[in-house]
Every structure is written in C-alpha cells, then in structure tokens.
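J.: Generate the whole structure from the sequences, applying the supplied hints.
Listed here are the chains, written in short residue letters.
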Amino acid sequence: DAGVTQSPTHLIKTRGQQVTLRCSPKSGHDTVSWYQQALGQGPQFIFQYYEEEERQRGNFPDRFSGHQFPNYSSELNVNALLLGDSALYLCASSHTLGNGANVLTFGAGSRLTVL
Amino acid sequence: GENVEQHPSTLSVQEGDSAVIKCTYSDSASNYFPWYKQELGKGPQLIIDIRSNVGEKKDQRIAVTLNKTAKHFSLHITETQPEDSAVYFCAASTHAGGTSYGKLTFGQGTILTVHP
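First to last, the sequence lines map onto chains A and B.
Counting with the numbering used here, you get residues 1 to 115 for the letters of the first sequence.
Counting with the numbering used here, you get residues 116 to 231 for the letters of the second sequence.
Since the hints were made in silico from the structure, they are not lab data.
Predicted model only: the values in this text are computed from it and were never measured.
Note that the Cβ used here is the ideal one computed from N, Cα and C, for glycine as well.
Do not rely on the hints blindly, as some may be mistaken.
As the list claims (entries may be wrong) - Examples of chain B residues lying across from chain A (beta carbon under 10 Å, computed):
| id | residue |
| --- | --- |
| 1 | Y147 |
| 2 | P149 |
| 3 | Y151 |
| 4 | G156 |
| 5 | Q160 |
| 6 | D164 |
| 7 | C205 |
| 8 | A206 |
| 9 | K218 |
| 10 | L219 |
| 11 | T220 |
Unchecked claim - Sample of chain B residues with no beta-carbon within 10 Å of chain A, all distances over it, derived:
| id | residue |
| --- | --- |
| 12 | L126 |
| 13 | V128 |
| 14 | E130 |
| 15 | S133 |
| 16 | V135 |
| 17 | K172 |
| 18 | R176 |
| 19 | A185 |
| 20 | H191 |
| 21 | T193 |
| 22 | E198 |
To be verified - Some chain B residues close to chain A (C-beta under 7 Å, calculated; not the full set):
| id | residue |
| --- | --- |
| 23 | K157 |
| 24 | G158 |
| 25 | P159 |
| 26 | F204 |
T.: Next up, the structure:
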C-alpha cells in the first residue's frame with residue numbers, strides 16, 4: 001500500500017517564477033494538507049483541502065494556492081517566488097471522518113530552492 | 116492562535132539511557148497531541164499520539180504524558196538505540212466534533228543523538 005507520494009522531489013527556480021507541486025494521498029484518505037518546513041524549523045500549516053475545497057488556511061499570502069482533484073490528489077501552486085519560499089514542502093493526508101481522524105501521514109516532501 | 120514550545124533543541128544521550136522531550140502549548144482548546152520522528156531526507160513519521168481524555172499512553176519503549184491543567188506534554192524514550200537518532204517534533208491541534216481539521220501546530224524540533 002503506497003503511502004503519500006510527492007513530486008518532484010527537488011526543484012530549483014528563480015525569483016518571480018511560479019511552481020506547482022503535486023501530491024497523491026495514502027489509499028483510503030480523502031483530505032490533503034500542505035505544510036512548509038524551513039531549514040531547522042518545524043512544519044508550518046499552509047492549507048487543507050477536503051471535497052475539492054479549501055477548508056482551512058494558515059498564515060500564508062495569496063501567492064500560495066491549491067487544488068484538490070476528484071481522486072483526492074492535490075497540487076500546491078506558488079506564484080511570484082521569493083528567496084524566502086525556499087523550503088521543504090510537505091503534503092500530508094488523512095481521513096476526515098471516524099476513528100483515526102486527525103492522524104496525518106506525511107510524504108517525503110518536495111525540496112524547493114529559489115535562487 | 117496556538118503556539119507550541121519545545122525543549123530541548125538538542126539532546127545527546129548514551130545508548131541505553133532514557134530521553135525526555137517536553138512541549139508546552141497555549142490554546143486550552145487543543146485536544147490532540149502527536150509526536151513525529153523525522154529522519155534525514157524523509158517526511159515526519161507519526162510515532163505516538165495522545166488525546167486529551169488520556170493522561171498517559173505507552174507503546175513499547177515510547178511513552179507520552181499529558182498535563183492539560185499545566186498545558187504541557189512530554190515524550191519519553193527508554194533504552195535508547197542509535198537508530199532513535201533523528202529530529203523529533205511535538206504538535207497540537209483541535210479536533211472539532213466528528214471531523215478532522217488536520218491543522219497541526221508544530222514545535223521547533225529536538226535533534227536527538229544516541230551515541231553507541
């Protein structure tokens with residue numbers, strides 16, 4: 001049973017460019033959350049998608065946007081990249097209802113470097 | 116919003132010793148407290164969690180204690196092994212009703228090194 005898969009694993013962009021990161025949730029999960037982890041820091045919540053809608057959002061600007069598809073996979077888009085956007089972007093999936101709710105399974109992340 | 120403080124930032128122990136990592140949180144509404152282990156190049160992996168209706172939970176060499184009055188919780192690892200070396204994160208969130216909101220607020224992490 002595959003866990004959470006993310007692509008690409010590494011990418012390099014320059015300031016002002018746009019990036020799209022992709023995530024496939026663990027089988028059986030219907031909710032996808034995105035986190036940004038700067039070097040040496042704990043992950044910070046960006047937003048969460050459920051039933052193809054953004055359900056919650058953290059303290060991130062509108063340059064960060066996302067999408068969830070009918071098969072529960074998700075994309076994170078970041079526009080007008082800044083140097084400070086360099087980080088590991090983590091996708092986490094969960095099941096919204098029933099036992100085990102709130103239990104997140106994380107992917108290995110996409111390492112974004114902005115030059 | 117929620118704020119989670121984690122201490123110590125680094126912890127070095129000898130194999131076989133115990134390790135304790137402590138976290139405090141600010142939002143009294145928080146009721147779910149997971150601990151994650153992150154190895155180099157990997158995403159965080161859940162190792163144990165506790166909900167607010169329980170004061171202690173144990174899983175083999177790992178235990179977590181929760182004091183809701185003082186708003187702090189701790190991770191205890193006994194009989195540490197070199198493979199326990201990793202970064203450990205505590206987190207807190209609010210589980211509202213019957214749905215998962217998945218918004219975890221993480222601590223800053225503890226780098227645990229277990230020396231053979």
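J.: So, for every hint listed, does it hold in this structure?
T.: Going through the hints against the structure:
1. Y147: holds (5 Å)
2. P149: holds (7 Å)
3. Y151: holds (8 Å)
4. G156: holds (7 Å)
5. Q160: holds (7 Å)
6. D164: holds (7 Å)
7. C205: For B/C205, the interface hint holds, since the closest Cβ of chain A sits about 9 Å away, which is under 10 Å.
8. A206: Hint holds; B/A206 Cβ to chain A Cβ min 8 Å, cut 10 Å.
9. K218: holds (5 Å)
10. L219: With Cβ-Cβ at 7 Å, under 10 Å, it holds.
11. T220: holds (7 Å)
12. L126: holds (15 Å)
13. V128: holds (21 Å)
14. E130: holds (26 Å)
15. S133: Fine: 23 Å to the nearest Cβ keeps B/S133 off the interface.
16. V135: The claim stands: B/V135 keeps its Cβ more than 10 Å from every Cβ of chain A (closest is about 19 Å).
17. K172: Correct as stated: the minimum Cβ-Cβ distance to chain A is 14 Å, above 10 Å.
18. R176: holds (21 Å)
19. A185: holds (21 Å)
20. H191: holds (20 Å)
21. T193: At roughly 24 Å from the nearest Cβ of chain A, B/T193 sits farther out than 10 Å, so the non-interface label holds.
22. E198: Correct as stated: the minimum Cβ-Cβ distance to chain A is 18 Å, above 10 Å.
23. K157: With Cβ-Cβ at 5 Å, under 7 Å, it holds.
24. G158: holds (4 Å)
25. P159: holds (5 Å)
26. F204: holds (5 Å)
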